[in-house]
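With the sequences and hints as input, model every part of the structure.
14 is the number of the first residue of the sequence shown in this note's numbering; add one for each residue after it.
One or more of the hints may lead you astray.
Said to hold, decoys possible - In silico DSSO-like cross-links for lysine-lysine, where the CA-CA straight-line distance does not exceed 27 Å:
no. : residue 1 : residue 2
1   : Lys26     : Lys41
2   : Lys38     : Lys26
3   : Lys64     : Lys41
4   : Lys39     : Lys51
5   : Lys39     : Lys64
6   : Lys51     : Lys41
Stated by the list, open to error - Pairwise CB distance ranges, derived in the manner of DEER restraints:
no. : residue 1 : residue 2 : range
7   : Glu88     : Val22     : 43 to 51 Å
8   : Tyr28     : Glu60     : 15 to 23 Å
9   : Asp65     : Thr29     : 26 to 34 Å
If you are wondering where the hints come from, they were derived from the structure by calculation, not from laboratory data.
Just so you know, even glycine gets a beta-carbon here, dropped at the ideal spot from N, CA and C.
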Amino acid sequence: MNIELSEDVVVGKRYTVVIPKSIRKKLKIEEGERVSIKVRGNEIVMEPLTKDPYATLARLIGEPYDERRDERKAEELMKKLAGG
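Okay, here's the thing in structure tokens:
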């Protein structure tokens with residue numbers, strides 16, 4: 014994983030962490046937006062949650078959403094489940 018930008022921050026009262034301005038600007042994170050926080054080994058990973066459902070789907074399945082391909086896959090699965 015390539016690190017493009019790195020900042021050191023202090024854990025504050027109630028264990029809050031402020032996302033530095035340089036990182037907020039790069040990722041276009043605005044106040045009130047949601048982020049996902051995960052533990053990967055010994056690392057804390059924070060990712061912005063997008064408002065675009067297709068981008069969220071791509072993040073979850075690991076590839077961009079493609080309507081034709083994914084609709085075809087869905088139809089094939091429904092036929093298989095229906096026994097035909």
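Checked hints:
no., hint, verdict
1, Lys26 to Lys41, "holds, 25 Å"
2, Lys38 to Lys26, "holds, 24 Å"
3, Lys64 to Lys41, "holds, 12 Å"
4, Lys39 to Lys51, "holds, 20 Å"
5, Lys39 to Lys64, "holds, 17 Å"
6, Lys51 to Lys41, "holds, 20 Å"
7, Glu88 to Val22: 43 to 51 Å, "holds, 48 Å"
8, Tyr28 to Glu60: 15 to 23 Å, "holds, 19 Å"
9, Asp65 to Thr29: 26 to 34 Å, "holds, 27 Å"
Consistency note: the structure conflicts with none of the earlier hints.
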